[in-house]
Amino acid sequence: MLQTKTRPAGPFKIKTIRRKTNSECSPSSSCCSEESSPGADKPPCCGPPTSKGGGVITDKVPGFIEWLNTPIGRIPRIDTKLGFADHLGACKARWALGRMDFIVPSGLYALGHPTATDPVLVTANYKMSYDRVRRELSGRNVWLLVLETFGVNVWCAAGKGTFGTGELVRQIKATGLTEIVSHRRLILPILGAPGVSAHEVARRTGFKVDYAAIRAADLLTYLDHGMVTTPEMRQVTFNFYDRLVLIPVELVMAMKSVAIVGLVTLLTLSALSNVTAGITGFCAYIGAAVCGIALGPLLLPWLPGRSFAVKGAFTGLLWCGLFYVVAGGTAWNGAITAAFFIALPAISSFHTLNFTGCSTYTSRSGVKKEMRIALPVMGSSLVISLILLLAGRFL
Amino acid sequence: MKGFRYLKNVVTLKLDQPACIGCGRCLEVCPHQVFELAGKMASIRDRDACVECGACALNCPVKAISVESGVGCASGMINEWLRERNLRAPGGSCCS
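Protein chains in written order, with numbering that gives the first Met the number 0: chain A, 0 to 394; chain B, 0 to 95.
The shape of chain B in the complex, shown without the other chains:
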């Protein structure tokens, strides 16, 4: 994103290019222009810009994209870890 870059080489986005049918849906739904169409096939243009929202994976009609999407804030993750250990999260709400 213009003026902002997050950590390098962390995202879990994967594209199975041979499965791609070149519909371009991933380009339409990505809010960070991660994909481009190269020769009627999607390719990853800017992996580090991915926010792992999962829109591309959910909207790919041939399931060629996979990404581990999920709650992305520190307190949400602390709550998640606490719940994994069967502890009550302070505040109670899971993702706000």
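Next up, chain A with everything else stripped away, as it sits in the complex:
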């Protein structure tokens, strides 16, 4: 895919939030105003909290070969082969290491030796998006227009509006694209469409937008076959590997809150009973959280139900069964056993429900519905299991 990670996040319907001024709404802050809408012209309201943008193009851009002299000045010609540093950077980004700096400058790049008639492809300035696209275009002469999405991939940035009509129009003007190409056609990733209004771009710049494919891997086929999109190129997928590569960053991101809750569990149970009970509870909790974060998403199509909360509860139940056997649950009394079997599925369920943000097939309305039902159930489960634990202590 041209992008990975989270699903689109679009206009935020927040009624009571204090309206922030444009100067307050820098991409480095984390505000979201009701005015933010995909395709809007103003600066994005919610980029990653620490990203300041990709900066300006120099000879240090990834894959730089040489400067290409053009009527509008020099344009960097970049390599279609990725180096060790590119692969290492991608691996690190998957583990949330240096992810906020995994970014390239926005602007116009050249692949091969493009001329005025060669196609213009558009992508995001998340370095993984940039690398995926250039890697696929080996041996081709194309222009690559990189939008400032503050290091966010195409789909997420389109949802936020940073990969949007306004930014595209801005880059077309800023780069002087009309001076460099004789045609008026742009090739965009399909997953950029939630942020870009093709007819609006045409009206404002004269450039016709073609949505080529979802995955960068299909770009060559698209270019070589008369720029025709086949039904397969339009089909978003979510196979085992797609899901697997998302797990590390999910684990890292959840680590802090899971560690805090785990510690609270450890101390509470130790205080209520003894250290052994505390450690048992701690291990049970950590396992349930990891099952919800990793096992739920991996087993997604094979877990019963359509609801992510239900799927997550099943992984929690699996973990519970395993933990019961391994931790010698036969020695527990009825109340404590019940407490474990009620609390752990709720914990896994919460974490798997959160994976809806990464999935490629869930809708906002669906997640809302799930949350309205699942969150009270999860809360009640935890309260009941706490009461059972307290009761079990005196049984």
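Check before you lean on any hint, since a few could be wrong.
With a Cα cut of at most 27 Å, we get these calculated BS3-like pairs of lysine-lysine [claimed, not checked]:
{"id": "1", "chain 1": "A", "residue 1": "Lys207", "chain 2": "A", "residue 2": "Lys51"}
{"id": "2", "chain 1": "A", "residue 1": "Lys51", "chain 2": "A", "residue 2": "Lys255"}
{"id": "3", "chain 1": "B", "residue 1": "Lys62", "chain 2": "B", "residue 2": "Lys39"}
{"id": "4", "chain 1": "A", "residue 1": "Lys207", "chain 2": "B", "residue 2": "Lys7"}
{"id": "5", "chain 1": "A", "residue 1": "Lys91", "chain 2": "A", "residue 2": "Lys59"}
{"id": "6", "chain 1": "A", "residue 1": "Lys59", "chain 2": "A", "residue 2": "Lys80"}
{"id": "7", "chain 1": "A", "residue 1": "Lys255", "chain 2": "A", "residue 2": "Lys367"}
{"id": "8", "chain 1": "A", "residue 1": "Lys368", "chain 2": "B", "residue 2": "Lys7"}
{"id": "9", "chain 1": "B", "residue 1": "Lys1", "chain 2": "A", "residue 2": "Lys368"}
{"id": "10", "chain 1": "A", "residue 1": "Lys59", "chain 2": "A", "residue 2": "Lys172"}
{"id": "11", "chain 1": "A", "residue 1": "Lys91", "chain 2": "A", "residue 2": "Lys80"}
{"id": "12", "chain 1": "A", "residue 1": "Lys368", "chain 2": "B", "residue 2": "Lys13"}
{"id": "13", "chain 1": "B", "residue 1": "Lys1", "chain 2": "A", "residue 2": "Lys367"}
{"id": "14", "chain 1": "A", "residue 1": "Lys367", "chain 2": "B", "residue 2": "Lys7"}
{"id": "15", "chain 1": "A", "residue 1": "Lys367", "chain 2": "B", "residue 2": "Lys13"}
{"id": "16", "chain 1": "B", "residue 1": "Lys62", "chain 2": "A", "residue 2": "Lys367"}
{"id": "17", "chain 1": "A", "residue 1": "Lys207", "chain 2": "B", "residue 2": "Lys39"}
Covered by chain B, according to a simulated footprint, are these stretches of chain A (three or more residues, beta-carbon under 8 Å) [to be verified]:
{"id": "18", "stretch": "181-195"}
{"id": "19", "stretch": "222-229"}
If you're looking for bench data, these hints aren't it; they were derived computationally from the structure. Positions of the beta carbon are idealized from the N, C-alpha and C atoms, including for glycine.
Since the structure of chain A is already known, use the hints to place chain B on it.
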């Protein structure tokens, strides 16, 4: 999507068919093949497959499509609710 189905009858997608000019743009931008062209007019083929990304609505030149698009993950929504109640969201980031 092949092998995956989400909840039934939840999406907010609406198509005002009489307004449609049959340009087919919605078919081009939809990553889940929700639309089809039937007799030079778009129609909804598979509503439950819609992910409410909003691409169709934004790219419809005659505004014949409407959908409530927005952040689709649980923690993002919890943060949204917290902000609606003027509470500080843990983590601070709105949609990641």
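Cross-check of the supplied hints:
| no. | hint | verdict |
| --- | --- | --- |
| 1 | A:Lys207 to A:Lys51 | violated, 30 Å |
| 2 | A:Lys51 to A:Lys255 | holds, 24 Å |
| 3 | B:Lys62 to B:Lys39 | holds, 17 Å |
| 4 | A:Lys207 to B:Lys7 | violated, 36 Å |
| 5 | A:Lys91 to A:Lys59 | holds, 20 Å |
| 6 | A:Lys59 to A:Lys80 | holds, 16 Å |
| 7 | A:Lys255 to A:Lys367 | holds, 25 Å |
| 8 | A:Lys368 to B:Lys7 | holds, 11 Å |
| 9 | B:Lys1 to A:Lys368 | holds, 23 Å |
| 10 | A:Lys59 to A:Lys172 | holds, 24 Å |
| 11 | A:Lys91 to A:Lys80 | holds, 19 Å |
| 12 | A:Lys368 to B:Lys13 | holds, 18 Å |
| 13 | B:Lys1 to A:Lys367 | holds, 23 Å |
| 14 | A:Lys367 to B:Lys7 | holds, 13 Å |
| 15 | A:Lys367 to B:Lys13 | holds, 18 Å |
| 16 | B:Lys62 to A:Lys367 | holds, 25 Å |
| 17 | A:Lys207 to B:Lys39 | holds, 22 Å |
| 18 | 181-195 | holds (count 6) |
| 19 | 222-229 | violated (count 1) |
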